[in-house]
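Chemist: Chain by chain, the residues run as shown.
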Amino acid sequence: MNCITLVNVYKRFGSIEALRDLSFSIPCGGRYALLGPNGAGKSTTMKILAGMLKPDQGDVFIKGLKPGDKQVKRIMGYLPEDPMPYRILTVRENLEYIAALRGIPNPKEKAREMMEKLDLVQCENIQAGKLSRGNQQKLAIALVLLHNPEIVLLDEPLNYLDIPTQEKVIGMLRQMNATFLVSTHIMSIATRLTDHVIVISRGSVIWSGSIVDLKSMGREDEPIESVVARLMSSVG
Amino acid sequence: MWGKLIKFVIFSRIPKRSFILYVFISAILVAMTLPSYDFEPPHVITEFSLFSIFYSSILVTTSIFNTRFGMVSKSDSDFLAMLPIDDRMLVTSVIIGSIVVNLALSILFVSWFVLSIGLYGIFIPFLLSLISASLPAITYSLSIKRKVLVALGIAGWFLLAGVGFPFSPMSMFVGYDTIGFSLLITLSLSSFFLAIKRFSFTNYSNIIITSEKGEVKEQINFTKVRYPLLVMLVKNLNVLEVGGRVNFMDTITYVTKRVKLWQILLITSLMGATIYFAYILKIIGIFTLNFYVIIITWILTVSLSSSALISEPIWLDMNVMTPLEFFRNYLISKAIALAVVLLPIGLFEVLSSQVVLGFTVMVDLPLSSIFVMSLNSRFYRASFQNIQTITAGRFLVSFLSIIPFVVLEVIAFLPYLSVFIIGTVVLLVLDLPFFLSSSYWQSTVEKIMTSVT
Numbered sequence: 001m002n003c004i005t006l007v008n009v010y011k012r013f014g015s016i017e018a019l020r021d022l023s024f025s026i027p028c029g030g031r032y033a034l035l036g037p038n039g040a041g042k043s044t045t046m047k048i049l050a051g052m053l054k055p056d057q058g059d060v061f062i063k064g065l066k067p068g069d070k071q072v073k074r075i076m077g078y079l080p081e082d083p084m085p086y087r088i089l090t091v092r093e094n095l096e097y098i099a100a101l102r103g104i105p106n107p108k109e110k111a112r113e114m115m116e117k118l119d120l121v122q123c124e125n126i127q128a129g130k131l132s133r134g135n136q137q138k139l140a141i142a143l144v145l146l147h148n149p150e151i152v153l154l155d156e157p158l159n160y161l162d163i164p165t166q167e168k169v170i171g172m173l174r175q176m177n178a179t180f181l182v183s184t185h186i187m188s189i190a191t192r193l194t195d196h197v198i199v200i201s202r203g204s205v206i207w208s209g210s211i212v213d214l215k216s217m218g219r220e221d222e223p224i225e226s227v228v229a230r231l232m233s234s235v236g
Numbered sequence: 001m002w003g004k005l006i007k008f009v010i011f012s013r014i015p016k017r018s019f020i021l022y023v024f025i026s027a028i029l030v031a032m033t034l035p036s037y038d039f040e041p042p043h044v045i046t047e048f049s050l051f052s053i054f055y056s057s058i059l060v061t062t063s064i065f066n067t068r069f070g071m072v073s074k075s076d077s078d079f080l081a082m083l084p085i086d087d088r089m090l091v092t093s094v095i096i097g098s099i100v101v102n103l104a105l106s107i108l109f110v111s112w113f114v115l116s117i118g119l120y121g122i123f124i125p126f127l128l129s130l131i132s133a134s135l136p137a138i139t140y141s142l143s144i145k146r147k148v149l150v151a152l153g154i155a156g157w158f159l160l161a162g163v164g165f166p167f168s169p170m171s172m173f174v175g176y177d178t179i180g181f182s183l184l185i186t187l188s189l190s191s192f193f194l195a196i197k198r199f200s201f202t203n204y205s206n207i208i209i210t211s212e213k214g215e216v217k218e219q220i221n222f223t224k225v226r227y228p229l230l231v232m233l234v235k236n237l238n239v240l241e242v243g244g245r246v247n248f249m250d251t252i253t254y255v256t257k258r259v260k261l262w263q264i265l266l267i268t269s270l271m272g273a274t275i276y277f278a279y280i281l282k283i284i285g286i287f288t289l290n291f292y293v294i295i296i297t298w299i300l301t302v303s304l305s306s307s308a309l310i311s312e313p314i315w316l317d318m319n320v321m322t323p324l325e326f327f328r329n330y331l332i333s334k335a336i337a338l339a340v341v342l343l344p345i346g347l348f349e350v351l352s353s354q355v356v357l358g359f360t361v362m363v364d365l366p367l368s369s370i371f372v373m374s375l376n377s378r379f380y381r382a383s384f385q386n387i388q389t390i391t392a393g394r395f396l397v398s399f400l401s402i403i404p405f406v407v408l409e410v411i412a413f414l415p416y417l418s419v420f421i422i423g424t425v426v427l428l429v430l431d432l433p434f435f436l437s438s439s440y441w442q443s444t445v446e447k448i449m450t451s452v453t
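Chains A and B, in that order, are what the protein sequence lines are. Under this note's numbering, the residues of the first sequence are numbered 1 to 236, in order. Under this note's numbering, the residues of the second sequence are numbered 1 to 453, in order.
It is worth saying that the hints were derived from the structure and are not from the lab. All C-beta atoms in this analysis are idealised placements derived from N, C-alpha and C, irrespective of residue type, glycine included. One should not assume that every hint holds.
[Said to hold, decoys possible] Distance windows between CB atoms, simulated:
#1 B/126 - A/172: 54 to 62 Å
#2 B/396 - A/59: 35 to 43 Å
#3 B/258 - A/132: 54 to 62 Å
[Stated by the list, open to error] Restricting the straight-line Cα-Cα distance to at most 20 Å, the calculated cross-link-like pairs of lysine to aspartate or glutamate (EDC-like) are:
#4 A/130 - B/446
#5 A/54 - A/81
#6 A/130 - B/218
#7 B/447 - A/124
#8 A/108 - B/78
#9 A/108 - B/218
#10 B/282 - B/218
#11 B/257 - A/81
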């Protein structure tokens, strides 16, 4: 069964065509990376899947439901690029607030668990707006994963994180039994977090397959980044 | 270079078309007002004079708290300040640019000033703009307590004109033209030169960075309530978001602050008590007092409502709720929080036998806030990081926001139960579409999620 399906999706912003006949699907439990150059339409795709933007044309389904549906929100976690939590609330308050809104039993305990997982305990009483950018990113990840979502959409999740924290987050995400779509333009992140790749350019899919297939398209010793770059440049 | 810099500062805040539109509308208003000045009854001129003093005092004093958002944007600090230009030239350009923007936005009030004192009134917005653009650059390094002291001092000095004190910069409104204008010109020019001398981009950046203390001792407890509306209400009763478009269209400043509810209730209780004694002692006529009660509580309401969504991470809210569900809860919880804040004023109104006005404050102002918040969220959302640009569309939204105010003032002048009921129904009808329209809020979310700022 497919957990994420896009069929012939179009989206325009004024004169700019962000998505053009975009179609792909991700099976439940799949770990996919959405790769593409700047302006390819990755973030727009993620926002449409999260129900924050409506496509101008085409169909989008999350487990057979429309994105933005209340049922979908219960099972999905979406992390945008450069997320900012409630800047006035502390780390703990942010987590307890969202846990309470989601109706998670025992929000205090859940907040503590997430802070421990992401090394946020030392700054639990600091307002989110006063945290370093890295800690804000960690808090945002914790807020998105708080309810243990079945479907996880992450837009550049490792931005601002130092290398040890990146490793910690990668380890945490890999342990989760969920469907992943990770938008990034950094190939090494894709290879660490996912096993399949969807390459988009100018709002359309130009290639999709497994990372093994992608590697096999390259010459001997050719780095995977170079293969992706070739793919992208092949469509101009 | 000067010209380029000033032009850049001005048009990065206000588009050329809007600027021309403001000047055009102001010119029409002055042209309409000026001929009627000689024929206005004295009590009308007195009312306009008092209101001009009141408005000017608010405009000038609130500008003191305007260090971050109204004058220098983050982009200015990050990029403009990095240009290889003399710091003094940069500062002067920013201040002159702010003066012109403030002038453009407050010029609409020029007709009031003209109605109060005649043709000379057209100079007052310019002088006030000079002061309101310069004061933040003078006081940016002061602590908040000192700023409050300076603001109270200036407000007191300005407002003294209202009781006939001649040595106030506003005394031209009570017949002391020469002294009033001399003081206002002296104050504005000295503020301007002092601002250029005192302001430094480097010090300013240091203050912004080092003033940040993030540790919180008393945490807000969200775990005792169950329903989303109550969870959001707990937050809104503990976090106050205040914004000011004091000169009607402009973003003067936006503040998000953690507060203790009792402190806010103490302030509104003091305001309520002052109003109570004003009624009991019959200091001014009852209708004039009703008018000012609505004005003051309206300013409070707009300050809280115009900051709608300023620090709201929509991406996070939309992870949990649908747009309609979120905004229903958001608007109701914000309106209840406002009703709690206004409760002491309403109760003091009831105590002073102004029962209808008391209920208007407690019920109709929160209902009005729902309308204002709904419009602002979609068309005129405050941005925490950036100075807002002013457009003709936003100008129109500001005018639409006046509709509830008109309803409230009708009740203030006709304080009967039937008028109150009709007014409340009108406000409910104005609010209702926002609680039903899913597409309105979906488009609002789309707009927020795709906006650059």
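Chemist: Taking the hints in turn, state whether each one holds.
Modeler: Now for the hints, and whether the structure bears them out:
Between residue 126 of chain B and residue 172 of chain A the C-beta distance comes to about 60 Å, which sits within the given range of 54 to 62 Å. Residue 396 of chain B and residue 59 of chain A have their C-beta atoms about 37 Å apart, which keeps the hinted 35 to 43 Å range intact. At about 20 Å, the CB distance of residue 258 of chain B to residue 132 of chain A disagrees with the hint of 54 to 62 Å. Taking the CA atoms of residue 130 of chain A and residue 446 of chain B, the gap is near 27 Å; set against the 20 Å cutoff, the hint is violated.
Between residue 54 of chain A and residue 81 of chain A, the direct Cα distance comes to roughly 18 Å. Compliance with the 20 Å bound is thereby established for this hinted pair. For the suggested pair residue 130 of chain A and residue 218 of chain B, the alpha carbons sit about 16 Å apart, so the restraint of at most 20 Å is met. Distance restraint check for residue 447 of chain B and residue 124 of chain A: the Cα-Cα separation of roughly 32 Å exceeds the 20 Å cut-off, and the hinted pair is therefore not satisfied. For the proposed pair residue 108 of chain A and residue 78 of chain B, the alpha carbon gap of about 39 Å is over 20 Å, so the pair is violated.
A threshold of 20 Å between alpha carbons decides the hint, and for residue 108 of chain A with residue 218 of chain B the separation of about 15 Å falls inside it, so the pair holds. Between residue 282 of chain B and residue 218 of chain B the CA atoms are separated by roughly 44 Å; this puts the pair beyond 20 Å, and the hint is violated. Between residue 257 of chain B and residue 81 of chain A the CA atoms are separated by roughly 26 Å; this puts the pair beyond 20 Å, and the hint is violated.
In this structure, the earlier hints numbered 3, 4, 7, 8, 10, 11 are contradicted, and the remaining ones agree with it.
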